[in-house]
Each structure stands twice: as structure tokens, then as C-alpha cells.
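**Student:** The primary structure of each chain is shown beneath.
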Amino acid sequence: MELERIQSLLYRLITAPSGVAEGLAAEGLRGADELSALISGDERLTAFERLGIYADAYFYRLLEVLKEDYPATLAILGDAQFHNLITGYLLEDPPTEPSIMYAGSKLPAFLRGHPLAEQRPFLADLATLERALIEIFHAADAIALDAATMKAIALAEWPAITIRRHPASRILELDWHVEGVLRAVERAEDWSVPACAPVNLLVWRRNAQVSYRELEPGERDALMLAERGASFATICGAVAQETGDPAPAVRISRLLNGWIAQGLLLRDETGAAV
Amino acid sequence: MNRFGLPALGTGVGLRPPHYAEVIAERPAIDWFEVITENFMVAGGRPLEVLEQVRANYPIVLHGVSMSLGSADRLNRGHLRGVAELAKRFEPAWISDHLCWTGVGGRNLHDLMPLPYTAETAMHVAGRLRQAQELLGRRILIENVSSYLSYTQSTMPEWEFVSAIAEEADCGILLDINNIFVSSFNHRFDAKQYIEGIPLDRVVQFHLAGHSDHGKYLLDTHDHPIRPEVWALYDYAVQRFGAVSTLIERDDNIPEFAELQAEADEARRRSDLTISPAQSLVAE
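Protein chains in written order, with our numbering: chain A, 1 to 274; chain B, 1001 to 1284.
The shape of chain B in the complex, shown without the other chains:
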């Protein structure tokens, strides 16, 4: 078991439609799968059939993009009830969503919008997170997002904002290493300082992914292999947080499953190499 009594899942891959048939038929050697929650919040059909079959062979985690925990709107309880129903049926190891807002005034941008990093906003988000956790009947994880803008009214760095919310809401953290790297370039902060600023006892999962270099800014596109700079930052995070369940994300230019599996193997190799046996025992 890991932090908060959650299982240590090892290294996994985001389950995407091009790999459904292979994952079901060949049961590749991968520790676990993460699925996009909203893609399975449907009445029936192929997606749920696939998830049943995958769940029969692997642990899964539900990763959402729509809780809009930072919105000024009322919390969407209908959506949360849908997530709860899905969780009841598929028993994920945990549920995660993003620390952002996705819409306002009842309208949705379908994007992960950053928030002003203020104490007031942190309290607002933490309150909504507590409500969400109560409705879901479990502690959830919040993920740091990549961002391209920041607000003049922010009074603290992002890592303090994330940490304050996690402490106040008593939730876990899904630390996206690529997002830290992308945002550190876009906003010129020290990515290692970010990692050092996150509390040790709240990080339950890492995300690793690729991004696109647009010269003036980096875009979190999940359409490339993980870049060496992000691997290096992952090593640094493993040194600090120890053995943390790690997931490889790819959402565009999706390659053969074997390529993602190789990235998962590389994450495991780096984690094993970085963590001394003593550290590993502590983490377990």
C-alpha cells in the first residue's frame, strides 16, 4: 500500500481506442491502465464492454477532465454522480481530475484553464474539492495543469497553490512532470523548485508525456515521446518522492502500444535505479 492506503500500482499507460483490441487479446505486460473518465460515462456499447474486459485483467484509474474544480459555477453534482456510478461499477484504484476551471456560466471551454494563485482562490477550490470528495465518498487526486498564461493578481507560485489546496481539502496530488516542465518554460520558473515545494506525503501518482516546442512557448500536446529534459525531471521527482505510481500519456500521434510500453519500462528502470532499497522500503 502507498500514501493514504492507496495501492502502489507501478508503471502504467493511458488506455486509448487504437490499443483496445491488443490490450484485450494480448494482455501486454503493463502494471495498470488509466482511462479518461468522460469517455466511459455513456449508457452502453463498446467503450464499457472494453473497460469490463480490461478491468478483468488490470487495475484501472479514472482520470477526468471535466470536474471544473476551479470554476466560479456551482459544482456539477450530476456529473459527479455519473463519476460515482462509473467508479462503483469498475472499482478504480483512485479517481483524479485537474486543478483548473473548464467552463463558467454553464458553458464549457473543454480546456484546462489555469487559476489565479491566491489564498482566496485556494479556499474556493478546496471547498469544492471537499464537496466533490464527499459526493464521491473517497479522497481524490488533483493534477497540476500545463499553462500558457498567468494572472497578475497571483500572490504565490503554483506549487504553493497546489500544496495549499491539497492540504486544505486533504486530497492527493497527481504530479504531472511534463506539465511542470512545460509551465516552467512558459512562465520561467525553476521546475526543480516546484518539485521541492510539493509536500512529500500527498503525491500518489506521476504523469509523463511529450510536448511540442513552439519556440516562444511549449505546448502540452501529448503527441511526442517523452523528451530527455522531462525524463531528467522525473529522475529528480523520484529522488524526492520515492516509488510513485507512474503513467505514460499519449493522446495524439498515438504509436504502437509497444512504444508506450517501452516508455513505461524506462520509467520503471529509472525509478528502480534512482531509489535505494532503503528508500523503497519507506515508500512501500
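So here's chain A without its partners, still in its complex pose:
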């Protein structure tokens, strides 16, 4: 048998959701014949059992990785439901990337259309937040603006300087306040069903530590502008407009100090303000 046919057959059998037996049934008699003709068995282990070792390893390896990636989703669902969720997920979105760290990247999207989401409609948002934590942990490095650098900028230059948001930060626009659920699971406390209300969450990394918090009014638009590089004047205008604050200076100053402390901003050296 050609290598491609061998590998494709083994792939189908190993990834069959209920194990090698179901996979063989799906292949029909031809598959069963091919297996015994393909894999050597002996009195200790049949060809079927030998392939089963790989089938078990495939599922349980990925299940363990996804349990680590989605501890809160696991805590909400419990082991049995999470197991079933992952069985369906791997069928729909099998790993395609060389690195196993991407194996769970499509789970939030998969959950949006899943029957479990009817019982717990906040699950997809929770998984989205958990996935963002992983991706921000590995996001690109950049040197954040610090307070000393900011202070060194002449007052007259401020309106024109352009600012970018740190690449290791992301704004999530969610329908459920899932941040409280994740916090409770992280602290091993009881969780409660979150409020259903639009929320903007910021996920960011500072000194290798990934954090998340709700954005306050005025922050979202400002930080979205800073994602593409925006002048400080434009950002101030966005804060003023979103909050309706006629004298936004105090708020802007407070937000700016917070962003600097959290390492959220970079000075855009290209100067291409939006």
C-alpha cells in the first residue's frame, strides 16, 4: 500500500471519535481487511489493540492540553460534559498546526454553535477570555512607554505624538460578564451565572503576567484607536466623546497613568497617526 494511503487510513482509525472499532466499521470490511494486512499482531497484542494505543493517546493527550487551556470552561461543565465537548470539537476542528498549543484555538467558536451553549449561553464568552489569556501570554514583545519617558516629552509635543497599544494586549467585546466566573475559578471559589450585559474586557501582559479587567467608559475607543497608532489629541477626543465629559482632562490623565503603569502603550516611532 502507498504511504499516503497507509497514513490516511491510520489517521481515520486513530481519530475515530468512539475508537478504532467504530473507525473500522466506518471503513467497512475493506478497512478491517486492510488493518490486519497492514499491522502485525501477536499473541500479546492484536493489530487492533496496537492501533488502539495510538487512538487512546491521541484523544487523551489533546483532552489534557485542552483541560489546561480551558480550566474555567472545564470547571463549569465538569469532566463528563467537557470530555463530550472535546470529542465533538476534535471531530469538527482537528489539529492542523505543527504545535499542539494551537489545538484549542477554535474551541470558543465551536462552543457558540454547540447545544451546551443553550444551557449555559455564557460559555463561549468564557472560553474566548481563556483563549485570549493564552494568546497574549505568547504575543509579541515590545518596550512599553514608561512614566519617565512620558515625563520627558515636552508639553507642546503631546497633542501630536502618536501612540500604539502594546501587541501583548487585546480588547474583547463580550455579551456576558464572564470575568467574575474566571476569577472565581482561579481562586477556587464558588462561581455564579454571570450578568448578561455587553462588556469590554482588556487582556494584557505585563512582566510575563497576563491580567484582565473590564474597561471603563472612554477606554475602549481610546485603546482601539491606539491599536492602529493614534495621536494623543485624537485619543483625548475619543475619551471625551465616549464619556460625554465636557472637561475630560482629569479622566484622561487618570486613564493615561493607568495605561502607563500597566505597560499598555508604545510610542509610535513611525509617526503615522490615524
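No lab work stands behind these hints: they were computed from the structure. Heads up, the beta-carbon is just placed ideally off N, CA and C, and yes, glycines get one too. The hints are all genuine.
Derived pair list, reagent style EDC-like, types lysine to aspartate or glutamate, alpha-carbon separation capped at 16 Å: (1) K1192(B) / D1235(B); (2) K67(A) / E186(A); (3) K1192(B) / E1160(B); (4) K1216(B) / D42(A); (5) K106(A) / D69(A); (6) K1216(B) / E49(A); (7) K1088(B) / E1052(B); (8) K1088(B) / E1134(B); (9) K1216(B) / E43(A).
Stretch-level coverage of chain B by chain A, calculated; a stretch enters the list once three of its residues show a Cβ under 8 Å from a Cβ in chain A: (10) 1040-1052; (11) 1093-1105.
Dock chain B against the given chain A, drawing on the hints supplied.
**Tutor:** The following block gives chain B in isolation, referenced to the frame of chain A:
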């Protein structure tokens, strides 16, 4: 310098997250570290920061699990470019990956699947290895995997298959002593015969690890200390190949670093004991 002009690194340990802080802060007396390539193929953050700090104090080797050199798919050049970028930044002593396939049809099993041991497959893998080496701009090492199944169409023993590919692709061999032991039990071949069948001039590195006994078969779990039978096989390999850079692997039930360091010391002690001064000079 060692085979192919590669450095003789001594005895090392696989770098794993539970030991990052200790390795950076305390700089334990270990000759070198091996890292899992894919864990560091990220845009930024803690893993790369750690590797920078470890690399500043130790030689490192990149050990991959995803080249899928035996797949029927096209070689994943994007992945190889990523490996090349990582190598450019961290200057590893060498790069290694496994003699296996990990996926097909663009999908990944995230497992090290064995190949049929045929001349045709050997040529297929060697061709891909040559392409990979060209893209990486260096000779790489291929590692023998543990396996639980074998193919009826195989026409040669595994050691001949490994040797044929290494010769054809002109690559080095990372000989995993535990994998030989595990596969010899699972497929009932003589582990010493395997070692005798591997060409002397291609082995650049040894792996040592623990495994689990499932009664009917052994599973390469890397979650136990190295078993006495594997140590004995290591002694046999050292007798044949001389001083070869040796690495202790542990991926589950990861103990205190000191325990792995003690295994590395034991490997060094056995190697020193086994190799006569004359042999050592030849190996150097």
C-alpha cells in the same frame, strides 16, 4: 569537537517550565539543556525571555516534535522557516527531530507515528530530510521513536531503516536508548543488536528516559526515573559509540531538578567508567 564537527556537550537535561526559575537563578552544574523547539516558536513573552537567560549560561539544543519527516504530505516549509528563525536567534549546538510522521492530509495527530521499514519509505524520508537540512542550512539529527505497532510490509529491521536514511540524507542520529528498549519489548527484537546495527560515525547524541510497564507492552511516558535495564543498555551503547552527548528527558511527574541532575551525573559516571582513556581520545 565531535562527529560532524559538532561539539561534545557532555550530559544535559531537558529544560521544562517547573525548573525555569531554578535554572536561571541558581545556574545548576549541568553541561547543557535541550528544549522542545515548538514551545519556543512563539512571538514573544516568558518562554523566549527564559530561553535568552538560559542560553546566556549554557549550550542548548533544539529538539522538535513536528517536522513530520516521514509524512506523505508536502514538507511544511513554513514550520521549518520558523525553526530556522529560532536557531538563528539562539544558536543551538544542533537541531534534532524524530524519524516518524505526525500527520497527513494537513491534519496533525501530535504523536510520533512509526513508518513502514521499506527501501521506498527510506528514500522518501531521506529526500525530505535533505530538503529540511537545505532549508535549515545545517545537518540535523534524527531520533528513533518508541513504537507500539509495526507494518506487515516492512522488509528490514528498524536499525537498518534508521541507518539507511541517515546515510542517504547524510544526517546525524540521536539515539534514544529508552526508545530502543521500549520498542525491543513491544516488537520482540534484541536491543543490543539494534545498537550494533547503527553506524558508529553518525551518532551525535543519546536520550535517556523512563517508561511505564503496561504488562503486555511498555509505554514511552517519560514519567519515571531511568530503569536499570535502560541504564544497562546505555552502558552497552557507550561501549560501542564512546563519549556521546547524553540528555536526560522527563516530561511528566517532573521531579525536583536535583533528581534529574543526579541522573545526568550518573550518566557521566557510567560513561567515564565505560570509556577507557584511549577510547575517549578517539571520541574527542
